[in-house]
Structures are given as C-alpha cells and as structure tokens.
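Novice: In case you want the letters, here they are:
6 protein chains.
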Amino acid sequence: MATVKLWTDDEAAADPVVARVFADIRATRKSDFVNNFWRGLANHPDLLERTWGQLKAVMTGDSVLGPVVQEMIYIAVSTANSCQYCVHSHTAAARAKGMTDAQHAELMAVIGLAAQTNHLVTAMQLPVDEAFLR
Amino acid sequence: MATVKLWTDDEAAADPVVARVFADIRATRKSDFVNNFWRGLANHPDLLERTWGQLKAVMTGDSVLGPVVQEMIYIAVSTANSCQYCVHSHTAAARAKGMTDAQHAELMAVIGLAAQTNHLVTAMQLPVDEAFLR
Amino acid sequence: MATVKLWTDDEAAADPVVARVFADIRATRKSDFVNNFWRGLANHPDLLERTWGQLKAVMTGDSVLGPVVQEMIYIAVSTANSCQYCVHSHTAAARAKGMTDAQHAELMAVIGLAAQTNHLVTAMQLPVDEAFLR
Amino acid sequence: MATVKLWTDDEAAADPVVARVFADIRATRKSDFVNNFWRGLANHPDLLERTWGQLKAVMTGDSVLGPVVQEMIYIAVSTANSCQYCVHSHTAAARAKGMTDAQHAELMAVIGLAAQTNHLVTAMQLPVDEAFLR
Amino acid sequence: MATVKLWTDDEAAADPVVARVFADIRATRKSDFVNNFWRGLANHPDLLERTWGQLKAVMTGDSVLGPVVQEMIYIAVSTANSCQYCVHSHTAAARAKGMTDAQHAELMAVIGLAAQTNHLVTAMQLPVDEAFLR
Amino acid sequence: MATVKLWTDDEAAADPVVARVFADIRATRKSDFVNNFWRGLANHPDLLERTWGQLKAVMTGDSVLGPVVQEMIYIAVSTANSCQYCVHSHTAAARAKGMTDAQHAELMAVIGLAAQTNHLVTAMQLPVDEAFLR
Numbered sequence: 001m002a003t004v005k006l007w008t009d010d011e012a013a014a015d016p017v018v019a020r021v022f023a024d025i026r027a028t029r030k031s032d033f034v035n036n037f038w039r040g041l042a043n044h045p046d047l048l049e050r051t052w053g054q055l056k057a058v059m060t061g062d063s064v065l066g067p068v069v070q071e072m073i074y075i076a077v078s079t080a081n082s083c084q085y086c087v088h089s090h091t092a093a094a095r096a097k098g099m100t101d102a103q104h105a106e107l108m109a110v111i112g113l114a115a116q117t118n119h120l121v122t123a124m125q126l127p128v129d130e131a132f133l134r
Numbered sequence: 001m002a003t004v005k006l007w008t009d010d011e012a013a014a015d016p017v018v019a020r021v022f023a024d025i026r027a028t029r030k031s032d033f034v035n036n037f038w039r040g041l042a043n044h045p046d047l048l049e050r051t052w053g054q055l056k057a058v059m060t061g062d063s064v065l066g067p068v069v070q071e072m073i074y075i076a077v078s079t080a081n082s083c084q085y086c087v088h089s090h091t092a093a094a095r096a097k098g099m100t101d102a103q104h105a106e107l108m109a110v111i112g113l114a115a116q117t118n119h120l121v122t123a124m125q126l127p128v129d130e131a132f133l134r
Numbered sequence: 001m002a003t004v005k006l007w008t009d010d011e012a013a014a015d016p017v018v019a020r021v022f023a024d025i026r027a028t029r030k031s032d033f034v035n036n037f038w039r040g041l042a043n044h045p046d047l048l049e050r051t052w053g054q055l056k057a058v059m060t061g062d063s064v065l066g067p068v069v070q071e072m073i074y075i076a077v078s079t080a081n082s083c084q085y086c087v088h089s090h091t092a093a094a095r096a097k098g099m100t101d102a103q104h105a106e107l108m109a110v111i112g113l114a115a116q117t118n119h120l121v122t123a124m125q126l127p128v129d130e131a132f133l134r
Numbered sequence: 001m002a003t004v005k006l007w008t009d010d011e012a013a014a015d016p017v018v019a020r021v022f023a024d025i026r027a028t029r030k031s032d033f034v035n036n037f038w039r040g041l042a043n044h045p046d047l048l049e050r051t052w053g054q055l056k057a058v059m060t061g062d063s064v065l066g067p068v069v070q071e072m073i074y075i076a077v078s079t080a081n082s083c084q085y086c087v088h089s090h091t092a093a094a095r096a097k098g099m100t101d102a103q104h105a106e107l108m109a110v111i112g113l114a115a116q117t118n119h120l121v122t123a124m125q126l127p128v129d130e131a132f133l134r
Numbered sequence: 001m002a003t004v005k006l007w008t009d010d011e012a013a014a015d016p017v018v019a020r021v022f023a024d025i026r027a028t029r030k031s032d033f034v035n036n037f038w039r040g041l042a043n044h045p046d047l048l049e050r051t052w053g054q055l056k057a058v059m060t061g062d063s064v065l066g067p068v069v070q071e072m073i074y075i076a077v078s079t080a081n082s083c084q085y086c087v088h089s090h091t092a093a094a095r096a097k098g099m100t101d102a103q104h105a106e107l108m109a110v111i112g113l114a115a116q117t118n119h120l121v122t123a124m125q126l127p128v129d130e131a132f133l134r
Numbered sequence: 001m002a003t004v005k006l007w008t009d010d011e012a013a014a015d016p017v018v019a020r021v022f023a024d025i026r027a028t029r030k031s032d033f034v035n036n037f038w039r040g041l042a043n044h045p046d047l048l049e050r051t052w053g054q055l056k057a058v059m060t061g062d063s064v065l066g067p068v069v070q071e072m073i074y075i076a077v078s079t080a081n082s083c084q085y086c087v088h089s090h091t092a093a094a095r096a097k098g099m100t101d102a103q104h105a106e107l108m109a110v111i112g113l114a115a116q117t118n119h120l121v122t123a124m125q126l127p128v129d130e131a132f133l134r
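In order, the protein sequences belong to chains A, B, C, D, E and F.
Mapped onto my numbering, the consecutive letters of the first sequence carry residue numbers 1 to 134.
Mapped onto my numbering, the consecutive letters of the second sequence carry residue numbers 1 to 134.
Mapped onto my numbering, the consecutive letters of the third sequence carry residue numbers 1 to 134.
Mapped onto my numbering, the consecutive letters of the fourth sequence carry residue numbers 1 to 134.
Mapped onto my numbering, the consecutive letters of the fifth sequence carry residue numbers 1 to 134.
Mapped onto my numbering, the consecutive letters of the sixth sequence carry residue numbers 1 to 134.
Calculated directly from the structure, the hints in this document are not laboratory data.
These numbers were taken from a predicted model, which means no experiment stands behind them.
Glycine residues also receive a C-beta, built at the ideal position from the N, C-alpha and C atoms.
Do not take every clue at face value.
[As the list claims (entries may be wrong)] Once the Cα atoms are required to be at most 25 Å apart in a straight line, the calculated DSS-like pairs of lysine-lysine come out as:
(1) D:Lys97 to D:Lys56
(2) B:Lys56 to D:Lys56
(3) F:Lys97 to C:Lys5
(4) B:Lys30 to B:Lys97
(5) D:Lys97 to E:Lys56
(6) E:Lys5 to E:Lys97
(7) A:Lys56 to A:Lys97
(8) E:Lys97 to E:Lys56
(9) B:Lys56 to B:Lys5
(10) E:Lys5 to A:Lys5
(11) D:Lys97 to A:Lys97
(12) C:Lys56 to E:Lys30
(13) F:Lys56 to A:Lys56
(14) C:Lys97 to B:Lys5
(15) A:Lys5 to A:Lys56
(16) F:Lys5 to B:Lys97
[Said to hold, decoys possible] Computed spacing ranges between beta-carbons, pair by pair:
(17) B:Ala96 to A:Lys5: 48 to 58 Å
(18) B:Lys97 to D:Lys5: 51 to 61 Å
(19) B:Ala19 to D:Phe33: 38 to 48 Å
(20) A:Asp62 to C:Gly66: 52 to 62 Å
(21) B:Ala19 to D:Asp9: 23 to 33 Å
(22) B:Lys5 to E:Phe33: 34 to 44 Å
(23) E:Ser31 to F:Thr8: 53 to 63 Å
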C-alpha cells in the first residue's frame, strides 16, 4: 500500500544505523512499538537518523509548551496539510499524553475558525495593519 | 490594494449591523482599534456578524487552552495555509496576550517538524498503524 | 521582482510564437492589454501557447456555467491555493464580467464556510457516508 | 476509523443541544439522514450548534448564486484543500440539487485550469498588474 | 468510489474523441494499460483530449530534464498538494523509468527539508533578500 | 516586516551557537553572505543549528541528484506550498548552480501540469489502480 517497503524488525536489525535508531526510539518512548513512519524512513537510514534526532530533540526534550500543547500544534499543522496518517498518529499521541475531550473540542474549534478566516483574508487580499508590524 | 473596500469608521456608523459589530469588537477587546479584517468583512454585514460571533465565542469566551495556546494554534494553521496577514495579526495577538520568545521559538520548531514529517508521510503513503485507530 | 523576465511588446514581436499568442489574446479579449501572466510565460513559448489555448477553450468558449460563475470558481481555487496575483486578477475579471457585490459577498461566505468544514472533517478523519458513494 | 466518536441517534437524543441541532438538520433538509460530519461534531455541542447555524444561514437561506453554484464553489475549495469526505459529500449534494454532467465537467475544467495557473504564477512570483488594483 | 464513472474500454470505443485519445495513450506508451485518471476524464471528452495533449507534450516529448527528473518533480508537487493517487501513480512511473532507491531517498530528503523551511519562512514572514531579486 | 528580529552580524557574534553556525554557513558556501532565513532562525539557536545541520547534510553533501535537480525539487515544493521567499531564494540558488532557462521552463511546465492533474484527480476521487501498488 505504501510507496516504500516497511521494514520489519529483522530487516532493521541487519542495518547498523536503522538498528541503532529503532533501539533509541524504543528506549526513549519506553515502548516496544515502532510505528510505520520509522519503518518507512528506514529505507533511507541517514534521513531516518536525522529525522528521529530532530523529533527527539523537539518532542521529548525540555519543553516550555508541554507535551499536550506540542501535540495539538502538530495536529493543527497536519490538518491544514491534509495528512491523514499524521492526524491519526498525533491525535492518538495527544490522547496518550493526556489531552482531554474538552481540549480536543476547543482545538477543533480554533482550527476551524482559523481556516475560515485564513481563506476570507486571502480572498480579500487585506494589507497588514501597521499596528501588527513591529 | 485589497479586493474589497475597507470601511472607515464613518461608513461603518451608517450601517446598523456594521455599527453594532464594530461597537462590540471595541467593547470586547477594550480597545478602539478595529483591524482591516473586520473593515473588509463589513462589505457583507451578515458574514461580518456571523464571523465575529464565532470568533468572539471561541477566542474570548471560556477556554480550557488559554489565550496564548489558542493563538499559537491559530498561527500554526495560518502558517500551513500560507496566510500572511493572519500570521502577522495572530503573532502580534499572541505576543500581546503574553507569548514569550521561548514559546514562539518552540512553536516554530514544532511547526517546522510537523511540516517535514507531514510531507514525508504523504510521499510514502503510509498505512495508519492499527494502534492509532480507536 | 518576478523570478523571470516580463516580456515587453517589442520582445514579444520578435518571437513568432509569442507574437502570435499575444495577438490572439488581444483579438479574443478585444483589448490591447496583455497582463503579466502572459508576459512571464513568454519565456517558454510552447508553454505560453499551450496555456493560452487551454484558457481560451475553457474560459472564452461555449459555457454552461457562464463567465461570472467560472470566474467565481477560479477565485475559490486561487484562494485555497493562496495565489495572491490570481485572486487579484480573477476578482477584477469577475467584476469586469458583471459579478455584483452581493455575488462576491456570497462567494466569500461559501469559501469561508467550506474552508472551515474542510479542516474540521480532516481533523476528525470521517469515513465517507455510504449514501454519498454512487 | 475517525479520530472522534460518531454519535448515534440514541446518544444524540440524550444531549439537549445535540438533539435540538439534529432535529433542525432533519427539518431543514426534509430528510431523516444525518451524515457523519454532524455525528462527529456532536462531541463538541457548542461547535456543532455554531457550525450548523452558519451552514444553514449560508447554504439554505436566501441566495443570489443558487444551490448548484454554491455547491460547485464548495467542491472547488474542498478539492484545493484535499478534503476527500468533502469532495464526496458536496459532489453528491450538488447532484441532488440538480448539477448536470455538463456543469460538473466544466467545473472540473475550471478547477484544473485554475490550479495550473495558480502554480505557474507562484513559481514566477509575478507582480500584480496596476490594472487589477482598484 | 470515485465521484465520476470510470469508463470501460467498451464505453470508450463508442465515443470518437475518447476512442482516439485512448488509442493514442496506448500507442505513445506502448502498453495496453489505461489508468483510472483517463477513464475518469473520459466523462468530459474535450478535457480528456486537452489534458492528454498537454501531458504528452510535456512528459513524452523532447526533454532537457529527462524522464526520471520530470517524474521526481511531479512527485514533489503531488506530495505538497496531498494527492494520494498522484503520489502512487508517479512514484510507480518514476520507478518504471529507472528511478533508483538512492534517488527516491534523496528526493524524500529534499521534499521533507523544503516543507520544513517553507513553513519556518512563512511563520517568520521574512522579507526577500535583495540579493535574490534580479 | 518579519514577525521576528533579523539578527545582525554583531548580534550573531555575541551568541556562541549562532556565531558558530554563521561561520559554518560562510565556510561551507565560500561566501560572506548570510541570508535572512538564518538571521530569523537565530532567535532560536537550537533550531538554527539543527536546521542548518539538516540543510548542510542534504543540499551540500554527497548527492545522486546533483545540485541543480535538488534546487528544482525545492522550487517545486515551495511553489505548491506558496512560499514566496522560498521560491525567490531557491530560484536564485538554482540559477547560481547552473540551472539553464530551458531547465527552468521545463520545470514550470511540469509544475503546472502536476498541479492541474492533482486537482482533477482529487475532484474525481479516483481509486489507485492495482498496477500502481507494489
């Protein structure tokens, strides 16, 4: 179904870079589960390693926003970019990290409102108010 | 510059619906400033009233996310939708409501990361892991 | 400002394909005005000729929708694709062809509503109802 | 499959806001069918009520465009925003309201043409012609 | 599943324009296979003919980029536009024309990087450096 | 004009991470010019460092595509994402690395064609042909 091979654990074990990244994903997340995103990226070990390094730094390191807000921002971008897998995976992640139904409901309200006003603004081609320019 | 007329205060005062909405914007925000978005929407008083009603309910009513997180989600959607005016106006709003430089920096890190993984996922056409489906 | 040269009338006259297309644009539109889109495409005469041929067939040939509805659909797509030049040029074209303020207002209402529900649907990842599948 | 629960009629009946909105959807559309969009939004009764109020006002109220043109604009935006559910549901709605095959064919021709010229314009970064600015 | 009928070979044979285009697709590609894109466009024979003419000119004519690079650019645009069918069909086409795993891996790396920096740039609303303007 | 401060060379010199990255950009590109993208990212030194590390690895390291094809793919994604700064900067970069007018013209033809067929496919909601699934 995917346009690339999804690497099994056995295949991952045979490539030193992929094996190292998969092990770090498991250790960092304290879970044996490695989702399809990483199994697809394994086709390009360098890209896998860079992408995991970046995601680990942003999403699992020190954070002023906290994990739930980070995931909600991730859902917002993924929705606007129409990425189905990403909406599913980050909504699941947000819930696992503690997002409540009330937070999800408000997230959707803001996403919907933003999309509407984004399109209205673009259709009107409004000049930016001086007050908004620093 | 815009594709529609931007209503002046005098023009707004002459239309009962527009006058009422502008007055409510000023009262709700405790500021005399009415930005171009509303001055453009004034060309369609019904749409102006519905849009303001919706924005007032979502962005100024009770909130579990709080005003800064709401604005950061707004920035995330506006960025993915490439809306220049919206990025400017909501970044200004987020700062006015207390967004710190550290929060803005992390917001940008999450937006950039999400965009990257959104595109990688779409290019690989990954099936959603069973674990992510409720 | 553009990433390509915008051809002047003198430069256009010196290339037989560009000269022919510019002449046909003027004859078809009954106007001497050739807008920047065609002056930019002139850098690639074959692409200019194919694109004009396509636009002429769709937008100036027999139409069941009529010129105003065609231009409103063009504005809708251009807005969702965040194309500033296109929003400006097709809003001007729609007005020149007779779009009223009331039609423009309703166009904006539909665009804004569609954008909102598009994003809500994507965020919820809704399965298509059986009733909608033929 | 969805990221939210799709409310059944029994669940909807137990929430006064949801029950009221579902009843109004049925009365307005003169049909017992309530599609998944509303069943998903029911998780956030306030958002459900606001969204239905807005859609009812725009799509079922007085209209200068008429229902078929409104739905075609909806399809155009939904296509550019890559919303699968929305393309399906609004193409079905457009047909139910009388869109002919010839209208659908011309709609697709305009959408395809607009997308092409949107991208060409963005790639060339063309300045807006003075003639298009009011 | 589609919003339009997918024409069978028998149906195609009964329409002179569709029959001619299908025959030219088969002759040009030296293959009996006609994919769903053309079977859907057959509902609008004129659009089918124009679209095939354009694709034939761009993708099968003289090329300075070569077929693999052309298909990789096609994948890049289709990914950013979230077109699932297009990502599948053009990845298959690229591989059939000789794209290696290493090329695909690097293509993904560039797409992911571009998406990330696109979003960062839009979120920062950066002015274009003078050095980039010709 | 930007939503963030653009760091001057003096400001950059005062932060050890930013100073190190700016020095590496200059050494890698063999040019004193540091464009606004990096001056904006400097507000978040960690993000600056990660983003430069990624761009350096992808765009200046070993490549099977070569620098001109890489930049053309970058332009394709930036166009579909409507990023003005990115289209300008990467078109300038592509030309500096040797992209010819003929290559740029064909790039535009492919981008325009892909956008058109992307939208047509989405509007028709075509099922992926079995032949395209591996």
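Novice: Run every hint past the structure and note whether it holds.
Specialist: Status of each hint after checking the structure:
Note on D:Lys97 and D:Lys56: the hinted pairing holds, with a Cα-Cα distance of about 15 Å set against a maximum of 25 Å. Note on B:Lys56 and D:Lys56: the hinted pairing holds, with a Cα-Cα distance of about 20 Å set against a maximum of 25 Å. Of the pairs offered as hints, the one joining F:Lys97 and C:Lys5 holds, with about 19 Å between alpha carbons and a cut-off of 25 Å not exceeded. Distance check on the hinted pair: B:Lys30 and B:Lys97 sit about 13 Å apart at the alpha-carbon level, within 25 Å; holds.
Between D:Lys97 and E:Lys56 the alpha-carbon distance is near 37 Å, which puts this suggested pair outside the 25 Å criterion. With a CA separation close to 30 Å, the supplied pair E:Lys5 and E:Lys97 exceeds the 25 Å bound. A distance of roughly 15 Å separates the Cα atoms of A:Lys56 and A:Lys97; the hinted pair therefore holds under the 25 Å criterion. Taken as a hint, the E:Lys97 and E:Lys56 pair is honoured in the structure, with Cα atoms around 15 Å apart against an allowance of 25 Å.
Only pairs whose Cα atoms come within 25 Å are accepted, and B:Lys56 paired with B:Lys5 is accepted, the gap being roughly 23 Å. For a cut-off of 25 Å, the pair hint linking E:Lys5 to A:Lys5 is broken: about 32 Å separates their Cα positions. Between the alpha carbons of D:Lys97 and A:Lys97 the distance comes to roughly 45 Å, so the proposed pair goes past 25 Å and is violated. For a cut-off of 25 Å, the pair hint linking C:Lys56 to E:Lys30 is broken: about 32 Å separates their Cα positions.
Under the criterion of a C-alpha separation no larger than 25 Å, the hint pairing F:Lys56 with A:Lys56 is consistent with the structure, at around 20 Å. The hinted pair formed by C:Lys97 and B:Lys5 meets the criterion: a straight-line CA distance of about 19 Å does not exceed 25 Å. Simply put, A:Lys5 and A:Lys56 have alpha-carbon atoms about 23 Å apart, close enough for the 25 Å limit, and the pair holds. Our distance criterion of 25 Å between C-alpha atoms is met by F:Lys5 and B:Lys97, whose separation comes to about 19 Å.
Checking the proposed 48 to 58 Å range against B:Ala96 and A:Lys5 shows it holds: the Cβ atoms sit about 50 Å from each other. Take B:Lys97 and D:Lys5: their Cβ atoms lie about 32 Å apart, and the range 51 to 61 Å is violated. The hint said 38 to 48 Å for the Cβ distance between B:Ala19 and D:Phe33, and at roughly 41 Å that hint holds. For A:Asp62 paired with C:Gly66, a C-beta distance near 59 Å keeps the hint of 52 to 62 Å intact.
The given range of 23 to 33 Å is broken by B:Ala19 and D:Asp9, whose C-beta atoms sit roughly 43 Å from each other. A hinted range of 34 to 44 Å is violated for the C-beta pair B:Lys5 and E:Phe33, which are about 55 Å apart. Hint check: E:Ser31 to F:Thr8, Cβ distance near 59 Å, so the stated range 53 to 63 Å holds.
In this structure, the earlier hints numbered 5, 6, 10, 11, 12, 18, 21 and 22 are contradicted, and the remaining ones agree with it.
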